[in-house]
Every structure is written in C-alpha cells, then in structure tokens.
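J.: Here is what each chain is made of, one letter per residue.
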Amino acid sequence: MISRLSKPLIFVLALALVAAACSTSSNSPTTTSPPASTAPASSDSNALTGSVLISGSSTVEPISALNAEKFNTTNPNVSIAVEGPGTGDGFKKFCAGETDISDASRRIKDSEAEACSQAGISYIELEIAIDGISVLTGLENDVKCLAFVDLYALLGSESTGFSSWSDANDLAAQLGSTVAPYADVPLAVTAPGEESGTYDTFISLALKPVAKTRDTEKATRPDYVASPNDNVIIQGLSSSPTSLGWVGYAFFVENQDKVKAIEIDGGDGCVFPTTETIASGTYPLARSLYLYINTQKAAEKPAVAAYVDFYLSEEGLRSVAEAAYIPLASYEATIAAWDQR
Amino acid sequence: MVVSAPTTTEIVAQHLAGKRVPIGSIVFRAALLMALLTSLLILVTLLTSITAGAVPTFQERGLDFITSPLSLDPATAGVWSGIVGSAGIAALVTVIAFPLGIGTAVYLEEYASRGRLTNLLRTNVRNLASVPSIVYGLLGLAIFVRVVNLIGLSGTSSGRNILAAGVTMAVLVLPIVIITTSEALRAVPQTIREAGFGVGATKWEVIRHQVIPSAAPGILTGAVLAIARAFGETAPLLVIGVATGFFAAAADATFVERVTGSYTALPVVILSWSKQNDVQFADTLAPAAIVVLLAMLLTANAAAIIIRNRFDRNQQ
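Protein sequences appear in the order of chains X and Y.
For the first sequence, the working numbering gives the first residue as 12, with consecutive numbering after it.
For the second sequence, the working numbering gives the first residue as 1210, with consecutive numbering after it.
Derived from the structure by calculation, the hints contain no laboratory data.
Ideal Cβ positions, reconstructed from N, Cα and C, are used throughout, including at glycine.
All the given hints hold, so there is nothing to weed out.
FRET-style restraints, in silico, Cβ to Cβ: (1) Y:1258 - X:332: 28 to 34 Å; (2) X:229 - Y:1238: 57 to 63 Å; (3) X:205 - Y:1441: 24 to 30 Å; (4) X:228 - Y:1341: 28 to 34 Å; (5) Y:1438 - X:205: 25 to 31 Å; (6) X:236 - Y:1438: 28 to 34 Å; (7) X:215 - Y:1269: 41 to 47 Å; (8) Y:1438 - X:156: 47 to 53 Å.
With a straight-line Cα cutoff of 20 Å, these simulated SDA-like cross-link-like pairs (lysine to any residue) come out: (9) X:269 - Y:1483; (10) X:155 - X:295; (11) X:81 - X:338; (12) X:269 - Y:1488; (13) X:81 - Y:1285; (14) X:219 - X:295; (15) X:104 - Y:1348.
Stretch-level coverage of chain Y by chain X, calculated; a stretch enters the list once three of its residues show a Cβ under 8 Å from a Cβ in chain X: (16) 1357-1367; (17) 1441-1452; (18) 1457-1466; (19) 1487-1494.
Construct the entire structure; sequences and hints are all you get.
T.: What follows is the structure, given as structure tokens:
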C-alpha cells in the first residue's frame, strides 16, 4: 500500500529528477561518443573534444567569454567555461592547477609566481589588449582637465571628508595644481571597490606617484560610494552633475550620453581618453590586459591550445574591440611568445 | 478632584449613542493600512519596472529567449544554461535536504527526550538558519569541492560543478526544512497521537499514518521556502566557482560529463548580465531573466500548493 504521504513525495522527486534529466540532455544532437579525455588531437576541428577552464579578471572576462562563444560555434564538442572572480582569485586557482588559463588585468605578482613555481606550474604570459581608466563626471560639469595632483587632492587618502570640490583647494594649492581653485559644488564620489582590479590600477597609476612624495597611504579616500558593478557606478555618476569617479574605458564608451570623461594630465598636457590616445600610450591612465596559459595543460589538452590559437587569430583578436577594449598596436610579440612555448 | 473611570455600561452607552469617537482605534487602523500600502507600493514598483524591461525581450525573442544558451550578443543570448543549472541544483536540494531535514525534525520532535542536549541542538539549528549564505559558500569550497574531487567526480571542472553546488545549497536550506517541519509537527494536537496509541498503534504507525500527514501542509510550506532560497542564492555559488562569463558543455557530452562539468545558474546569469557594459543586457535581458526566475519559483510554489490541498482533502 502506498500511503498518503509517500505518493506526493514520490511525485516531487520524480518531477525533480525529470527536470534534471531533461535539462542535462538538452541541445545534444549526437548520441554516444568516447570520453573526452581519450580523444586525440585532430586536424579536423569538429573532432576536437575536451575542456577549457578560464578564470581570473572580471575586466578581461568579456573578451575571453566572447572568444569562448565564437570558439564554441566551430568546436561544439569542447566544453568551455569562463568566470571572472578577479585577477587575484584567478591566480590562486591557476597556481593550484585548477584552471587552464587565467585572465589578468595586471602582471602576476612575485608572491603569486612563487605559488605557481612551488606547485610546479609553468606558464606563458600573453599581452592581449589595453584598457584605459576613464575619470568621469556629470554631463554639466565645467571641469575639463585634471592632473595627477588634482586626482590626489580630490580622491587620495588626504581628501577624506571633503564633501565639496572647494574643500580640496588648500591641498591642491600645496601640491601645485594649475586647475585649482575648484568651484564650491558638491563632490559626490562613486567608484569601484577594493576588490576590483580597476581600483588597484587607479591607485598605482594616478595616486601612488603623489602619495609617495607626500609619504601618505597609497589608497583612495575611504568615504565614497563603492560598487563592484560598473553600471551602478555610471548610474551614481550621472545622478549628480558635479560627481567624480572612475571606471574602465569600455563603460564610458557605452554611456557617453550619461557621463562625461575628464582629460587627464600625466605631466605632458591634457589627454582625452580615446581609442587612439590609449593605444599609443599618450593617455596616462592605461593598463595592459594579459592571459596566463598553463604550459603543461596547453601541451596535454589540445582544446586549450586550439582555444589560444583561436584567441590570437584575426577573428579572435577582433573580440578585443568588440568587447570595447583597445587592441595592441602590434600582436607580433604576443604571437611569438605563444609560438615559442 | 478625583475622576472616576467610566464603567463598562457607560462606555457601551456612549458607543451606542455615537457620542464617543474611538480616535486611538482609527489611528491604529490607519497605521496598519499605511504599512500594508507601503509594502504593496514597493512590490508593485519592483514588479512594474522589471516587467517593463522584460516585455520587449519576450516580444522580440519569445520562446527563443528561454531555449537559447548564453551569449555575449544580446540578440541571441538566452537563459537555458541558467535554467538547467538551477533545476539541477533544485533537484539535488530536493533529494538531499528534504529527507535529511524532515528526518531530523521527526526525530527531534517525536523520539528525542526533552533534555538539555535536545534544546542545545534545537538552538543551534536556529542559529544555523541565520548564518549568512556566503559562509556556506566557503564551507562548500573547503569541503564539498574537495570531496567531489576525492571521489573522482571532478569531471572537467576541477570539482566546481553542480554536484558541489547542489550539496552546498542542500546544507544551506537544511535548517529551514528542520525548523518548519518541527513547527508543523509541534502543531499536531497531542490528542491525535493519544488516539492512535489508544487503538493499539505502534509509535512508528502513529507517526507515519497520523502525525506526518497532519503536519504535511506545514512541511510543504517549509519545502517551498527552501526551494525558493536554493533558486535565488547567488553568493555561495560565486564562492564555490560558477561560470559567469560564458559556458557551454560539449555538444556530445554524456549525462555524467554534464553533471560533473562546469555549470551556471539563473541568479548568476542575472548578476553577470547586470554587469555587462552593453546596457541592453542590464536594461532588457536581465529583467527578462528575473521574470523567468520568478516563473520557476511560482511553478515550484504551485506544485507544493496542489500537493498540500490534496493532503487537506485527505484529512477531512
């Protein structure tokens, strides 16, 4: 006898199992195949099997994901996953041998390289794109150009508590700013939080040089609205006409109707962030983006090598611009580094 | 001067004559109504803004949006990979957390002697229910991902697969299942148990045929809450490792390869879409994915309500 209790329970379990079974057997046109790991490399790309696991920078994630998608359409039998927990977290997994490729928005740190070599993991570094950090404000703000000393006076550790641009006047004058005095208008700062590579890069490129001369903490002021979501930062910046903050160049390009970029003076005059100025290196707030490839995995897993080959192909490199980043002037060095593995 | 308190007769007389206006009562009622309207307003605002964003997506794409895999092209991106992942996690939660949780609750309520130890256990379960979900994510990363690797189910994902995610989510919702089941069992009148024993039933028979069926509606409510939590949680998945950018299983992958491979889930898809620099993802695709998630939740709710109603009928 099936009691009153077990009937519904069986129903629920059956439902769940059917759901799981249906979902996992979806979009698979083929029936049976040999296990992925035993399949040899083949010149026919459709026969390529195996898996590619990519983790690391959330900034590079869109390029790698775009290439993963393109790669997947020509190699449907390769399973591929891209995640973006951050450059540091990515290297932790990479140096534990858990991922094949690590995206990075900065070079590997000595401590991370040490962890990799202790785990016996060798890698190749491939520079694949350039990202500019745009310093943004509201559309109606008159401020056209800021130098590093201005950024330090408004956003550096000594600016804690400044709620109006003019609060920074004394500090900016001390630092020899040519833009100050600023107007007495509210200073609402919205920017990425500490977990972000964009935060680290902003500090090391813009704030560190000035902080060094003043012997102060190499950090931003702590009292600002921080968000890991760049769209939220854009929203915050557009909500006040005299706001100030910074995001990756890609997010400025997509939101030019909501926010305005401020020219940056890195010592050689004011430069507006454009594809050209970032690519040529004249825009001072730019950084390189990298791929780190586990060389053993690239040798053992044909799918990993094929994915990187595709990444460095004409079609793969087009993804850099499609993801709104700036391509390198020349990829010769990158391709040579990969070929010499 | 001493004012004597009005007697009940006087108050009633004033009420009947319509002379006394109960100001306190009116104010209290208005405050309650305001509370209701405020929460309704928030809910309606949220739903309309989501629906407004989602409607264009469903109009343009229709079913295609549901059945398409992830993509970085807003014109072809769909939520299928997320639905698959979330359904798999929900299935594992159902299989693991419900038997364990209901079993624990039945033991605690029906068998365990009421002592200091039982009380300690009960308090701890309550505390566990309020532990932030990210802590369960760390637990999953430290234990379940490793266990999945040890028993050779790491597949192509280094153990960051749906099995580790499902077990983590099951542990996450376990306290909810235990607490709601306990409450439901406690609400069953003692007389039902005594009547059962009175006609010579064993303890097992009483629990199986009388107590649990009576408590079933409450138990199912807990199950719905648990499944809803498992569907919606994002933080633990991010910690354990879930594909946020792009994910595709090999087209010819077997069932085992899919279960042990990488995965993604619906709330993670919503999160990663809201962060895309192409604003179309955040403006129209993410709301549409939220609507899909809500629909899945409502389906789970509806299933539980149907089952609960059957129990209610059987009880009468």
